[in-house]
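K.L.:
Below, each chain spelled out in residue letters.
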Amino acid sequence: MPRSRHVPGDLAMWLFILAELAVFALFFALYGVHRARQPALFAQGQASLRLGSALVNTLLLIAGSAAVAASVRAFAANQLARGAHLLGWTWLSGAVFLLLKGEEFAHLFAAGVSLSSDDFWMFYLSLTVFHFLHVVLGMVIIVAVWLRARRGAYGAANHVGVETAAAYWHMVDLVWVVLFALVYVAR
Amino acid sequence: MSTSAKAAPRPAGGPTPANMHIRFASQTVAKPYFVAAIGLFVGQVIFGLIMGLQYVIGDFLFPEIPFNVARMVHTNLLIVWLLFGFMGAGYYLIPEESERELHSPLLAKITFWVFLVAGALTIVGYLAVPYATLAKITGNDLLPTMGREFLEQPTITKIGIVLVALSFLFNLSMTVLKGRKTSISLVMMLGLWGLAIFFLFSFYNPHNLVLDKYFWWWVVHLWVEGVWELIMGAMLAFVLVKVTGVDREIIEKWLYVIIAMTLITGIIGTGHHYFWIGTPGYWQVWGSVFSALEPIPFFMMTLFAFNMVNKRRREHPNKAAVLWALGTGVMAFLGAGVWGFLHTLAPVNYLTHGTQITASHGHMAFYGAYAMVVMTMISYTMPLMRGREANSNGAQVVEMWAFWLMTIAMVFITLFLTGAGILQVWMQRMGEQPLGFMATQDKIAFFYWLREAAGVVFFAGLLLYIVSFFVGKREAARG
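These protein sequences, in sequence, are chains C and U. Using our numbering, the first residue of the first sequence is number 1, and each one after it goes up by one. Using our numbering, the first residue of the second sequence is number 1, and each one after it goes up by one.
Chain C on its own, in the form it takes in the complex:
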């Protein structure tokens, strides 16, 4: 099949994605500046994070991305039932992510961590909570597309809606990968 040169999904969603990436980029840049100023504080905060569950979460979002990409291909090949099924897997990966992340938040809040604890926790909570909300929105979009798919709205000729949802999910995934590397892993 020749490589398509068109931008998949709705252009409006791409504008939205660019704006979202700009917000996160600014946050990451400020995180970097503050980390450079207070290396000891940030190292201490990072050391107390649980790398294991964050790694599982990273794999979950990537798996979700793979499923939604496969779903787009399925719709393009007119395999409608398979496409809808794969959307379900994406949604499930998001749901498990939220459970694991929610458990992490509950643990931290119980330990008395808040936005005002110190600069590390302020950035940690700002970044992860904003990202958490984006996963929620991504799941809402997936459900909306899944419902439309069940009503037969998509096919090989028209599955822009699925592509649009996939583009958003990839953005949520991409931001998490950067966040995971920067906040959890980088020492």
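Hints in this document: simulated from the structure, not taken from any laboratory. Please note that a few of the clues may not be correct.
[Said to hold, decoys possible] To give an idea of the chain C side of the interface with chain U (calculated C-beta under 10 Å), a few residues:
hint, residue
1, 13
2, 27
3, 113
4, 116
Cβ atoms here follow ideal geometry from the backbone N, Cα and C, with glycine treated the same way.
Dock chain U against the given chain C, drawing on the hints supplied.
P.N.:
Relative to chain C, chain U alone:
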């Protein structure tokens, strides 16, 4: 949700309006609202000129009109005339989008007089008696809400505003519910309901000054950097649909992206007011990050306006309205977007907070975004309500002269205030031996004189704008 832009038939069985240029007779209730808006705009600018002179001649008109009263009248008239403009726009736009007559034209007329009389009495109150006396007469002790910037109105006036807003929203909501729902009308209604709901925070007046300021911004910021932008976007989209003939679906998509960006950046962007009022430190990061992106929706509005005009499928005879629409896009981006960004980052704002930099932003943002979008709407609808598709060429030329005079004068007002602000920050807050506030003011008086001169040009432009309504009646009648 939206329907296509097909020209809808006139309402079946309903009376055909005598004026063939408007779709529904009840749309003309907008006219007195627009006339009142322009009248109050004149008052606002006169008080601006008085105050501008008081900057350099401190006892000008003292004790009759002290500076603080002139300032209160200047800002309150601004808000009230813009509200009249939004209401007029709502009464015109909603029936047309909903494809039906307004639910109750009579209620709209009653609401107009109630609002006008209440507004006039309030201004007379400001000017006739000392503010503390006004507070006493109007029973502020029973439910204290007075004394806060922009929300100086006596409590009884505030209650009046709520009643007027309820009547207005009831009237429009009933019209929308019974008629066609379009993206433009839904965004407009979301903005107008938001405007009314956030105004309720003006009744909440906690003793704790931090909380007081915190919620005060829920009215002030979430109006101008939140729901008013939705109203502005809807009004601009409405006029662009009409004057360009571009497919409604395209315009609606732009509108959705713009409002999404407005809400993403604007709501948490409230944080740029929370830097130094006693709120937690994380607001410095949140406020800086989100408000730094607030220019994006304004820039998109500029792109939107120019794109739609470039893609136009028709040459609308009302060139003046097109000029206002494009002007709104540019000036809103410069005034609200660029001049807002100038001092929105916490480390910058630490130095510029409450200086003439703020005043420069305030002037160009209010003119560029809201005054101009109301004038765009007036420019498009007034000729239609007066029985013609567009004004005569002569009238349009005068109107365009008024546009350029006011707009260029506002650019200079902004630049002079920016110059004054930079010097003020330098002398008062950054120097080796900082000067006191009044000593600094004396040193930047030259800029205040220049600003006053630009203000006089603005006033001349405004008078010319009014003249344009009376030019070339005969020519228009022939056309």
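K.L.:
Give a verdict on every hint.
P.N.:
These are the hints, each one checked on the structure:
At its closest, the beta carbon of residue 13/C sits 9 Å from a beta carbon of chain U; the interface hint therefore holds under the 10 Å criterion. Residue-level restraint check for residue 27/C holds (minimum Cβ-Cβ distance to chain U is 6 Å; threshold 10 Å). Taking 10 Å as the C-beta cut-off, the interface hint given for residue 113/C is violated, the closest approach to chain U being about 13 Å. Taking 10 Å as the C-beta cut-off, the interface hint given for residue 116/C holds, the closest approach to chain U being about 5 Å.
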